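Line by line, the protein sequences are chains A and B. If you count the first sequence from 1, position 261 lands on 261 in the numbering used here, and the numbers rise without skipping. If you count the second sequence from 1, position 277 lands on 277 in the numbering used here, and the numbers rise without skipping.
These aren't lab readings, by the way, just hints derived from the structure by calculation. Just so it is clear, the structure is predicted and the values come from calculations on it, not from any experiment. Even glycine gets a Cβ: it sits at the ideal position worked out from N, Cα and C. Check the hints yourself; a few may be wrong.
To be verified - Simulated restraints, written as ranges between beta carbons of each label pair:
#  : chain 1 : residue 1 : chain 2 : residue 2 : range
1  : A       : T383      : B       : H307      : 32 to 42 angstroms
2  : A       : G271      : B       : A62       : 52 to 62 angstroms
3  : B       : T324      : A       : E363      : 14 to 24 angstroms
4  : A       : G177      : B       : G66       : 20 to 30 angstroms
5  : A       : G177      : B       : H307      : 19 to 29 angstroms
6  : A       : T357      : B       : L76       : 27 to 37 angstroms
7  : B       : G66       : A       : T357      : 27 to 37 angstroms
8  : B       : F165      : A       : V378      : 46 to 56 angstroms
9  : B       : F95       : A       : T328      : 58 to 68 angstroms
10 : B       : F165      : A       : G111      : 57 to 67 angstroms
11 : B       : A162      : A       : D385      : 42 to 52 angstroms
12 : B       : F161      : A       : E109      : 24 to 34 angstroms
13 : A       : G111      : B       : G66       : 32 to 42 angstroms
Stated by the list, open to error - Cβ-to-Cβ under 8 angstroms is the rule here; a few derived chain A residues that face chain B:
#  : residue
14 : K91
15 : W267
16 : T270
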Amino acid sequence: MKKYIAVLLALVMVLGLAACGGSKPAEETKPAETKPAEAAAPAAQTETAQTAQTETPAEPAALTADDIDDNMTSADGTYVIAFVTDVGQLKDKSFNQGTWEGVKLYAYENGLSYKYYQPANGDQATDDDRYDAMKAAAEGGAQVIVCAGFMQGTALAKAAAEFTDVKFVFIDGWSLGMDNVVGIDFQEEQCGYLAGYAAVMEGYTELGFCGGGGGTNAAVNRYGYGYVQGAEAAAAEKGVDVHMNYTFLYGASFQASPELQTLTNGWYETGTEVIFSCGGSIFDSITAAASANDAAVIGVDVDQSFSSDTVITSALKGIGEAAYQALTAAFDGSWETFANGGHVTLGAKQGAVGLPTATWSLENWSVEEYEAMFAKIVSGEITIDNDPANLASTAHVTLNVVE
Amino acid sequence: MAFLIRQTLVYAVPLMIVGLAGIFAERSGIINLALEGIMIFGAFVGVLFVRIGQQAGWFAAAYAAGNWISMQGFVLLTMAVAALMGAVFSLLLAFAAINLKADQTIGGTALNMLAPALVLFLIRIIANQNTLQMATGDSASWFMVKKTMLGYDKKAQLGFFASAFLDKVYFATYFCLLVFVILSVILYKTRFGMRMRSCGENPQAADSLGINVVKMRYAGVLISGALSGMGGFVYALTTANCSANGDVAGFGFLALAVMIFGNWKPLNVAGGALLFGLFKCIAASFSTLDINGDGVYALAQLGISAHFYRLLPYLITLLVLAFTSKSSRAPKAEGIPYDKSTR
């Protein structure tokens, strides 16, 4: 009998490994659906009227990106505009999806072919996987490749040096010193600040922050640090003490997980009133916990109030718009002006970050007060530190960092 | 404490029911290594069914009216569908192992490899990504039983028992416990159960007394498949916000381990599942775990790394296995294809 048990246990371990490997097949460039774009177009237009009320106010055009098919087939099999995703799902209701919507919208409005590429191996993707995705895009006829996420930097430098005719848009990126690459980053600390300020002004004193990327994602870290500063400012103004749970646990791969759901369940159970969900699909775990406890969530990157009733507001950054503007510049000849030497930073001044006032459900903080606050950030009257290394408890905010 | 009990049940129940699935197969003489694969498949079928139901608006009126009792009907229906499809999926193993007399561990392994690949393939076709989610809303707002639904205020204090067992729980959890008890009784206290167990110990003797070994083994595997399919969906519902992504975090293999250290006995399996569930829950929520209700998060104050807590459930499983495997006693004839001519 012992032998059987030994064999069984060995099998369990071997199979565990096999199953882990098996459950993540290469997410290579997917074959597009056979539906021609022309056929999808009229359908999309008729739907627009019905879904107009669900439109994000930040969207630049009347058409909602949701109505545009994610897959299209071009007549000659080449795709002029390509999008390479960050880790996580394409439809993460957040970073990838927001960028992709800007890409789709531009391509659709200008009758250009478009396609998305997910680097192989999901959240374990290496620089080679990302480079392969970019290479596939370039060889598939792409003239502009939009790459989302700071992790693409190394692969992008390699691909951009090889395909000098192709323009690269590097969202959440920096200058790579190449003419055909523009790195666009955002002042996330500003909308994080506004979100933290709004939460405390709304009357919440028990806050939470769950970040993706395991603490290595600069954008997420800026969001979180801004959030703490905003909470501090509002707490000082109201003279209250705020307690905040702050963690990057279980969010490293930007995926939903049972562990994160239990963790946030525990937070809500012990008094946390609102959690800032900052990282792609971890949103699903946090809203599930919030819904179970009738509590609140703050969304990130895009207006997430349409995804869950628990969302009171979202810290927006104009990723879709940035992609849209970069694509416009790439095709109308104003690339060099836009690229600004390879690096663009967008913030409150450019209207690229903020909170969606049309859909928020805050009751104790008015839109007028928000706009006054926003103007102060634009004018520089309120300065927000953007170095997350300074994160610490402040006079009114007690930080409980869970590691 | 109430929170700890509730969350422990959430993790333990899928493990328990799938552990029982393993018992049924092995007690009838078939090693079912495919528990993991069937769970994955069951989770997928269940989520897909919920999604289709939502899109077709089957329970939309009940949801809008806040009729939470009808919503439990939706859950039960979905569990039934997941169980049915789990049983159908397990037929592959039954056919290979019983009719073709194939090596059972290899058959199970094949299903474990097939399930995630097949499920991901289908999810990509249906949802255009790697995760299949509900069409609208989340599992808590659709399927959870909460005190606010029963007319209590959000801040109302319900007392220990009610807040541990009646608030923020899924009916599916208790239904699984009920099924667990009923099937355990069937396995030990009925003629059918005794005959099935005899086929796992000495099929030749059972056959000589007029018991149809092939039928009994089919029954064992089918019940096993149905329970795993159901367990897979319950796992997706209660811990993964009713989403399927071709992965159940190794719960099927854990169920096998729990079954072995439970010595192929339902009560011990239940104990093992609860033990594992408890540590899994502690691992995830130690940062705000208030065990004795004094407002102090003792485990967080110990200052031990989170990684240690995350290691605990697996460490405990290994330790318990190491100490109990000496006395463990598997069904004698498991893994051996039944051959009438050998006596």
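Against the structure, the hints come out as follows:
no., hint, in the structure
1, T383/A <-> H307/B: 32 to 42 angstroms, "holds, 38 angstroms"
2, G271/A <-> A62/B: 52 to 62 angstroms, "violated, 32 angstroms"
3, T324/B <-> E363/A: 14 to 24 angstroms, "violated, 57 angstroms"
4, G177/A <-> G66/B: 20 to 30 angstroms, "violated, 59 angstroms"
5, G177/A <-> H307/B: 19 to 29 angstroms, "violated, 39 angstroms"
6, T357/A <-> L76/B: 27 to 37 angstroms, "violated, 43 angstroms"
7, G66/B <-> T357/A: 27 to 37 angstroms, "holds, 30 angstroms"
8, F165/B <-> V378/A: 46 to 56 angstroms, "holds, 53 angstroms"
9, F95/B <-> T328/A: 58 to 68 angstroms, "holds, 60 angstroms"
10, F165/B <-> G111/A: 57 to 67 angstroms, "holds, 60 angstroms"
11, A162/B <-> D385/A: 42 to 52 angstroms, "holds, 47 angstroms"
12, F161/B <-> E109/A: 24 to 34 angstroms, "violated, 60 angstroms"
13, G111/A <-> G66/B: 32 to 42 angstroms, "violated, 47 angstroms"
14, K91, "holds, 5 angstroms"
15, W267, "holds, 5 angstroms"
16, T270, "holds, 4 angstroms"
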